[in-house]
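Read top to bottom, the protein sequences are chains X and R. Count the first sequence with the UniProt record's numbering and you get residues 1 to 321, in order. Count the second sequence with the UniProt record's numbering and you get residues 1 to 322, in order.
Please keep in mind that the hints were generated in silico from the structure rather than gathered at the bench. It cannot be assumed that every hint is accurate.
Stated by the list, open to error - Just the calculated beta-carbon pair ranges, DEER-fashion:
hint, chain 1, residue 1, chain 2, residue 2, range
1, R, R314, X, S71, 45 to 53 Å
2, R, Y42, X, I37, 48 to 56 Å
3, X, P206, R, I208, 22 to 30 Å
4, R, G111, X, R221, 53 to 61 Å
5, R, K150, X, V128, 40 to 48 Å
6, R, W80, X, L268, 35 to 43 Å
7, X, Y209, R, M117, 48 to 56 Å
8, X, A122, R, Q67, 34 to 42 Å
Stated by the list, open to error - Stretches of chain R that chain X covers, calculated by requiring three or more beta carbons in the stretch to come under 8 Å of a beta carbon on chain X:
hint, region
9, 79–91
10, 260–266
All of these numbers come straight from a predicted model, not from anything done at the bench. Even glycine gets a Cβ: it sits at the ideal position worked out from N, Cα and C.
Listed below are the residues making up each chain.
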Amino acid sequence: MLKSIKPSTDGVSRKTGFRRFSDVGISTYLMLSPFAILFLVFSVYPVLSSLRLSFMRYNAICNPDQSPCGSVGFGNYTTLIFQDDRFHKALSNTALYVIGAVILGMIASLSLALALQEDTRANRILRVIFFLPSVTSGIAVVLVWGWVFRGDAVGLLNAILNLVGVEPIEWLATTWMAIPILIFMSMWGGAGFGMILFLAGLNSIPAMYYEAAVIDGAGPRQRFRYITLPLLRPVMVYVGITGTIGAFQIFEGVYLLFPTSVGSIGGLQDMALMIVPYLYDAGFNKFRLGYASAIAWILFAIIFVVSMINLRITRSLEDLK
Amino acid sequence: MSTVLTKSEVKRNDKLMERSGSFTNPFERKSRVSKFRRVPIYLLTVVMIAPYYWMITSSLKSVKELQVVPPTLFPKKIIWGNYFDSNFNPTMFQQDVMQGLFQRYPDLKFGFFRFMMNSFFVNISITISTLIIGSLAAYVVSKHRFKGKKAVYLVIIGSMMIPWQVGLIPGFLLMDQFGWLNTFWAYIVPALPKAFIVFFLTQYLTSIPDELVEAARIDGASEFTIYFRVILPLLKPALIAMMIFTAIGEWNNFLWPLIITTSQDMATLPVALANLRNSGAGNIGTQGVIMGASLITSIPTIALYFATQKHFIRGIALSGLK
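Excised from the complex, chain R in its bound form (with noise of 0.2 Å):
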């Protein structure tokens, strides 16, 4: 069947098109099952809200309630006790302490923001190093001549290939040589030389002509005044999208962190979620407090996502589809 559009149907498809990206045929008539063909999808939107619905409730129950069966969907009566326990004892015994997220740390300085202290701390860090560092390089690796530039870049992207898991037991080795284990610097150093941050850079300064850095250079302006004045106002969408990658994906890390804590005070917030979990030995009383620590572990990231909402799809498009 062929269809002849006139002109304003034409322009009405156009305007249709540019506004959803997407293309709907306006001669195809809308069949009855439609209305229906979005239950599978907010089926699924239940799945994917249940878990943080679940986090938020059980840290909001009683002990006694979270014990009954079948568990409740919403506390019968909201307490804090989980967060901040009123009849909270230190003197008791740690593996009884089912309540006070708060209070249930007494021999460490700021109890349990102790672990968000570590975390913050580690991940501001670590994303602002790791983006000074890796713009300078990028700059000099897209920008600047020297000899070996090719092999440089060649093994920083072949580097990319490698899984990290490769370097772990060196790696732990070396923390232990330098007598690192259970450091910041443990945390900080060697999370600094990001080969993909290079790699982005690069990519995006390449896509800027030399002739800016030229026009620069022939003003006399120096190589660092290039740097702070030229590139890293150009680089600054790149920046921003590599900034929210490295900080979600540092705040999320666990398996580096699991292995250079050996003392709980340097835990940071997943370590910390893990080892309460351990402790809690699957009683399901603790589960409130549980949930609670879990909620409060994922909040930032969550938070960074909503502020950045915009910067972080378009660094994906930017950096995925390339």
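Here chain X stands alone, though its shape is the one from the complex (with noise of 0.2 Å):
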């Protein structure tokens, strides 16, 4: 509506002579500068700058204006692709977390909207409750959990499984536990969040299409499939993008609770390496900043084009109808 009507309000201004939008003048600069500024230095330079970091060599005794060191073309991501073991590690590692972590999570979330969207005053606590994760500092969290998970007898669910005559179990040192772990613990963090944005989705839904829908008879089962499901498709794809995403990322969890003897990072055999905590570890431990740099780039690529795939999953779905 808005749109139509700009057009010829300016056209008036025109005619009238009254000061133009253009007419703001230097004000617009100075406004917007600040945030130019810091933008350009902070945000735009480094992404550049890591591209270009990304095509060198560069680490403690090597810097990129040195001959012998400069630019190494693809090297670093020739590399990385095709002989760097540890990073195929971790790009395993954090596929399988990603996956779990997303629809386990996205059921999770879903689940409990459905169970709690009733709004009563049991369920209005229970939604605050099982939101609190989402607010509360992830590391103060990480330790809670790396009591839990403890190998020894005192660890809390040593203790409980005590109880059944269950001998200790040294969890985080058990390969294959340790992604179960971590999407254990980002579905405990962030299932709460999904839950208020299906919520949110939920309360969307004209109640009027219910009511038609029990008109002609349908069940409960069908309401679900048939009305909620399809008209929640847009926030699913907003939390599964979201959610994607913010997988991809994981570094807390990996950094306190699976580090290495020799002070590296992604515990035993590196069952729980993933892409970041390899970042943070090239870069910060072995100081290989063009390497890291490279590594960036990937988890750049890999989320972009996870990204796209998704939403054309959900586009091509909607053609389906």
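Given two chains presented individually in distinct reference frames, assemble the corresponding complex, making use of the accompanying hints.
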């Protein structure tokens, strides 16, 4: 509506000689410049610089301006993609983690939203409780989980299992456990946030759809399948994409719960090594800055492609209808 | 099966829906299982609360009690030694100190309070400045016309697609060049340009008619007057939502503070917490202090959330589902 009005008012102001938008002049730049300058220096420059660094050999003894170091072309990328076993491990771990965390997290969020949909006093309190982890410091939470999954008898999970006679289990040193534990932690921490989004989606579905469905004799299952699910699709896309992007960037849990004895990161046999922790390890433990920058750009490429695929899939699903 | 609703039933139905926001069919009798359907939810609730419960109770246990197998569900005797230890001996080696959170940093002015002050200072500075800078930019982008405006907006939106870790290494090198490592500058300045805030506020402002701004302009108001008198009041709900998100996000930030701090005294709470845990080296006796510090780190954001709950939830709905 407003858009159609805009040109006409513009015309009027031109004829009558009022100050036009374009006349505000210098104030435009004055007001934009604080953000623009900071944005250029601290957001745009680092991204471009990191692209440049990713083609460089740059480490503790070698800096890009020295002659034998300098540019290595796609060297960092080819090493990462074809030779670096640790990076491959980080990739496969991250893939498993992201798939598990996003799908299970989505199911958990939607189930919670449906279970707590009715606006009763009890549900309002429960919603707050389920949402709390989203505002709690990740480090604080990880430290509690660290105690829960301790390998000795004072570990909480082991203490509980001991009640039924199970011997203490080394949770954080059992290779196949690492990813499930991290997925569990992400669900505990993130399900409440998804729940709030789904609740907003559920509340925006007009009640008359359900009313009409009831009159036509649709049961609760059918109403869910043919009304709730399709109308929640935009929320699901949003939760899915933001959840995926967030999951790819996991760091804190790995950093604190899965150190290695040699001052590196990733746990026993790199069982919990992920992309961002590996980036941190390469950059700030090994001081291979060019290499770490290449990892960062691969991370970006993966997130970009996955988000696009995500959008494409949902769009083609809509076309099917 | 088709059902015909009488007028009064329809009315009752409408009321029900208005109240609950969801539809419950009055004709489907509640099944007998429904009493037990809530059991899984309550079990899950226990899982959700357990870590908080454990943080609080463990921080009130003695070193001896922390070592008991199996762990006690409730402290036998509530002690405050993990926060303030009356038997604290400042000549003891750092690694032997089990308790006394507020005494265990004798080299630091203000001890553990120092980390809390760092966190509050960094957080408040970032939140206020980023909102001012962002709202100014959003006003210009949404209500001014200038050359290259579309390109500017596109770059801002486009930057949101790039994970921030991409700029991590050059960001660190930049801080090094500026000599900002281990200073508040490194915490605050790089955190100021937030593309999402500009994007969100611009979206919000486009729904406000241009005529409001034009009218003020015709009355001779300067651009800064318009910003303060017209734009800021209109933006208030959006600004409150962004303020809460920024404050909570910055408070819990970990990776950036981790790489830019090189000495203990400049650490914010999350970094101090990680250091504390690493210095404890997994000794179960130090868990009381660690849980106490975790609790102190968690409380401010939770308090902010409780204080602003309504704005918070509306903010999520606003920013997420546009």
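Original post:
When the hints from earlier in the document are held up against this structure, which numbers fail?
Top reply: Hints 9, 10 contradicted; others consistent.
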